[in-house]
Each structure stands twice: as C-alpha cells, then as structure tokens.
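Asks: Listed here are the chains, written in short residue letters.
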Amino acid sequence: MDGQPLISKEIEDIHSSATPGETQPRLDFPPYRSSLLRHPTKDLRHVDPEGAELFAPVFGQSDVDVLEADLTIQAGGEPIGERITVRGRLIDGDGRPVRGQLIEVWQANSAGRYIHKRDQHPAPIDPNFTGVGRCLTDDDGNYLFTTIKPGPYPWRNHHNAWRPAHIHFSLFGTDFTQRMITQMYFPGDPLFALDPIYQSITDPAARDRLIAGYDHDESRHEWSMGYRWDIVLTGSHRTPMETEEDA
Amino acid sequence: MSSVMPTPGQTIGPFFHYALPFEFDRELVAREQPDAVRLHGYVLDGDGHGIQDAMIEIRQADASGHVPEVPGSLRRDGASFTGWGRSSTDPTGHYWFSTLEPGQTDPDSAPFIAVTVFARGLLNRLFTRIYLPDDEASLSIDPFLSGLDEQERQAMTAIREPDGHLRFDIRLQGPDQSVFLTYPRHAG
Ligand SMILES: [Fe+3]
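First to last, the sequence lines map onto chains Z and U. Take 0 as the starting number for the first sequence in numbering that gives the first Met the number 0 and just add one per residue. Take 0 as the starting number for the second sequence in numbering that gives the first Met the number 0 and just add one per residue.
So here's chain U without its partners, still in its complex pose:
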C-alpha cells in the first residue's frame, strides 16, 4: 500500500473556546456516579506557569479493559461510556475529567489513558499516556514502562491524591518535561 504525505498540523491558536468545548465534554461519566474518578492537573510551560489556552483530550478503555467504539460523546446520553473526552484549561492552566479507571486491555500491559495535548504556542499536537498508580504488578511487567528510567516512569504515572482523585500534570518543557510520544506511522 502506498504512503501519502500527511497534511501538516498547525497550532490550535487562542480562539478555540467558543468552538471546541461542549456541554459535558469532560464528563465521560457523571460526577455523581459511584465509580467515577476525578482526573485532573495543570498544563505548564517551561517557566512552570499554567497555560490558559490549552486543550486536553483523552481516549481510554472502560473498567473491564474494553475500548468502546460507540457514538454519543458530543451529546452524551448519561448512560453510554464512549471512552473519549475533552477539557480545555482554565485561566490557571487547570483541566479535569470525570471518568472511569480503565481496566487492562492486554494481559501483558499496564492500563493507561491515551492523551493528546493542544495549545496556543504549540505548533502541533503532542501525545502522552497516563498510567494508573496503584497496580504495581501490572506496572512492573509492562514492556514500555520497563524501558523508561525512573523519572520518565513517574512523569507518565498519575498521583493518587488522599481523596482518591488522580492528579497528572503536563509539562511542555524543562528538566521535568512530560514524556511525549511518536508512533511508527508518524514518520515521514
């Protein structure tokens, strides 16, 4: 199969807020749902300042590890879990989601939430992953995590807060920069 040159990306710019956010965009499940978890954090620049015009999207499996392929993310019906959500950051750079903790999709890999990052000043999207902090057994056997050093592993793992929330900060630049990913088909 022949490969075609992909269209280049461009920055999301500063003026997406009236176009891309929508009602319940960040609530993959209702906040009242008993197994809902709050996933939140800050998107930070190279000076450690919050980025007020960033947008985060997540894609994930449900609690059983199944990746849903069902519509209904833009107009949520309150019942279906679509496994996709979008959160723009507030003036302090903070984002949040109400979601489920994904289960293991593959028995040899640790569960994670896939992430894309967009921002004014960022000329193309970035990808990262959020691993869950508690399941030491699956984290220790995961082939990808095993190839990272300790700082990188920490940068890709959410922190469990005392109230049970998951905290995950995204640092675009600097010594403690997040680990951003590129996939085989992104080459060329």
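If we strip away everything but chain Z, and leave its shape as in the complex, we get:
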C-alpha cells in the first residue's frame, strides 16, 4: 500500500502545475485512488439546458418533518460527543436565496463511525446517533442543523489514511443543473493537507469555501458550539420571475 509521503508528493506536484481559478474538484485526481477508473476521460460536452433540466424537483412540508433537522433527538437518548449547530444560507450563483429547497446531510458519529454495514472502522457505534438529517431552507435560504461534531475516520486510500472530520451535504437549486453533493469541514483540521479528496480542488480559495467558520454568536450558553457555513450553487438558467426588490 502506498504511504502518505507518496500521496502528498503527488498532490504537491498537481497543485504546483495547476492554474488558479479551478474552483471545482478535478475528476481526474490520481492521489484519490478510487477515481482512477471512475473519471471521464473525454471532455464534458457543452449544452444549453432545456426541458426538465430547467426545473429542480420540488419538496414540501409533506416530504420533510421539521424534527429531521435535529440529529440529536432521533433515538431514545442523547448521542455522545460535542453538540453543535450548523447554520448557513443557500444561495445561487447570482446571490439569490434558494427558498424552500431540500438539504440532506449525513455523517459519522463522534468516534468516526458511520451506521453503514460496510463501515468496518473498529470505533464504537452510538445507539443514540444515526447521523442522518434533512431540512427545507426558509424563505431567505437559511438552514439549521443540530448535531454532534463528527470524528475523523480511517480509510484505505493509502497506508494510515484518515479523512478530516466532515458532514456530507446534498443540495438542490431551482434548476436541475444546480444539483450538487459536497462535504463541509471544520476549521483548523490537521488532516487537510494530507487528504486527497479535499485537495482535489486545486484552487486554495475555493478549497477554503468547504470549511465552516466557528461562530461564537451561534454558540449557546451551556448547550452547544456554533458553526456557520454558507453554500453557493451554480447560476440558474431560468429568467428570474421576481424583481430585484423581491429578491
């Protein structure tokens, strides 16, 4: 199995030859070994969206229970770990709020273990924590989850590989073309430089956008630590229906 020095060298070589402004991850990023046979080798084809591509799916109160935004109340007792809130705003590429749209999250528990049958990390499962949440954004695009800070976890990309702590986010806009899935990280994680998934984004400013900020005003007295993370989707292709005053 390859070691961290080799992976780190590969990352460094790619970054040193990258031009600034590549703000999305490279699909072809060999230090992430799982990508070797799973990245397209032909260029993406440019197309103007039409038909169903111009309309994101719609979700409503019938689809999502408001309690699903609190990952600490899904079982009989309190999950173990550092209670946190993650709050932010979902906007599109023109700065407009994405209203009433579905956000799905999933994550490891505080020990770095997922409730997934293929997660073999010998860290304890927390019977009071599933690590799954959903919510709809409000009329200004805001979302809020209450959860437990996830732990880092080992994986088999290379010898002694560890993922920085993260929460997976699944996001929709107003167009189907804005659909995306990403990961939110926590500030100051010592694993950032070593992680080929995080480092697959070669532009450092873009990479930073995946890191939540600690926000003391969001921390609650004798209760929870607050993080803030805003999310920007690509631009919508539809002509906005509302005027600037409404938006």
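Check each hint, because a few of them may be wrong.
[To be verified] Derived list of chain U stretches under chain Z, where covered just means 3 residues or more per stretch with a C-beta under 8 Å from a C-beta of chain Z: (1) 38-49; (2) 155-163.
[Said to hold, decoys possible] Quick list of the computed label-pair ranges, beta carbon to beta carbon: (3) Thr18/Z <-> Asp46/U: 27 to 37 Å; (4) Pro33/U <-> Gly59/Z: 19 to 29 Å; (5) Ile124/Z <-> Pro106/U: 52 to 62 Å; (6) Leu147/U <-> Arg98/Z: 28 to 38 Å; (7) Pro142/U <-> Leu35/Z: 28 to 38 Å; (8) Leu66/Z <-> Phe23/U: 16 to 26 Å; (9) Asp137/Z <-> Gly77/U: 23 to 33 Å.
In case anyone wonders, no lab produced these hints; they're calculated from the structure. Remember, predicted model here, so these are calculated numbers, not experimental data. By construction, the Cβ of each residue, glycine as well, lies at the ideal position given by its N, Cα and C atoms.
Mind docking chain U with the ligand on chain Z? Use the hints.
Replies: What follows is chain U with the ligand alone, placed relative to chain Z:
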C-alpha cells in the same frame, strides 16, 4: 447581476446508503400502473465493472411533456407524478426506475430524461440525458442530437428491450464512455 463563486463539489463517498435512499425512491409511478415503463441499466467503471456505490437521479416531464413542479417525491402519495426519482446501484452496479415515458416539452426537440450521476471515486457529479429510442421523427430534428456523431447519439439513447423496458448503461470511462454534459452557468 454579479456572479458568486460556487461552492466546490465533493464525492458522495461510500456511506450514503443509510441516508439518501428512501421508500419508493425509484418508483415515480407504481410498477403496476399500466403506462409504467421500467428504465434500468448498469453504472460501469473504466474496466467495465459494475459500480456498487453509485447513485442516479432522474428529472423528467410527464407523458404530455409538462415538467411537474409539485412536492411529494420523498413521501409519495401514489397519485402525484413529481418527475423526480433516485436509485442507488446494487452490488452489481444495477439501477432501476419505474416511470413514465416523457412527452415532448418543446416541439423542436426530442423528449429526454435528465440524469445526474454520483459515485464513490467520482469527485463531482456528472450530468447526462436519456433519449427515447422509438420516435425517429423527433430524434432526427433535435438540434442537440444533430450535433453528435453516431456513437455519441447511441450512447445517449436508451435501448428498447423486447419486453418494452428501457435499458441505459452509464459508462464513466473508456472508448465507449457516456456523453457527460456541462451547462453555461457551470463555467467559472
Ligand atoms: Fe464521509
């Protein structure tokens, strides 16, 4: 209007199965419904092996070509057609949907089903389209399809199986790779 830098994507990873799939996620219409069609296929890697940790989502018009904007996909009521569905792949890389064949939304374009692809090992989502195989008239006048070569056109068109099902394989890599799309607002 000023443009803001979009948040980068990241891989869906291997552990989404307990979070994203839901009951009836792939049944846009009930399988028993008379006009239901089974749309299915494999998600394959560069060696032609099925990918067991991929997830496909589709978005489409109804049979009349209207794109529904109604809630009710996560908790389906058995009556509304929401035009959106999600299918994770099984251990062989197979996915399936029970849906309707979309009608023509625009008189000058062939009907299609819009697709997003997610997988462990895939660092960002991919988009493609599934065109329907039978309507030669609309396929031949479609401006986008007309700009593709024959192999690409085939790669974007489902195969009608003898039992009426639609088969559409998604190949992430290799000489017969699927055609993946990028849209104007994805730039920059
Ligand atoms: Fe993860």
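Asks: Hint by hint, say whether it matches the structure.
Replies: Comparing the hints with the structure gives:
no.: 1; hint: 38-49; result: holds (count 4)
no.: 2; hint: 155-163; result: violated (count 0)
no.: 3; hint: Thr18/Z <-> Asp46/U: 27 to 37 Å; result: holds (31 Å)
no.: 4; hint: Pro33/U <-> Gly59/Z: 19 to 29 Å; result: holds (28 Å)
no.: 5; hint: Ile124/Z <-> Pro106/U: 52 to 62 Å; result: holds (56 Å)
no.: 6; hint: Leu147/U <-> Arg98/Z: 28 to 38 Å; result: holds (36 Å)
no.: 7; hint: Pro142/U <-> Leu35/Z: 28 to 38 Å; result: holds (36 Å)
no.: 8; hint: Leu66/Z <-> Phe23/U: 16 to 26 Å; result: holds (21 Å)
no.: 9; hint: Asp137/Z <-> Gly77/U: 23 to 33 Å; result: holds (29 Å)
When held up to the earlier numbered hints, the structure conflicts with hint 2 and nothing else.
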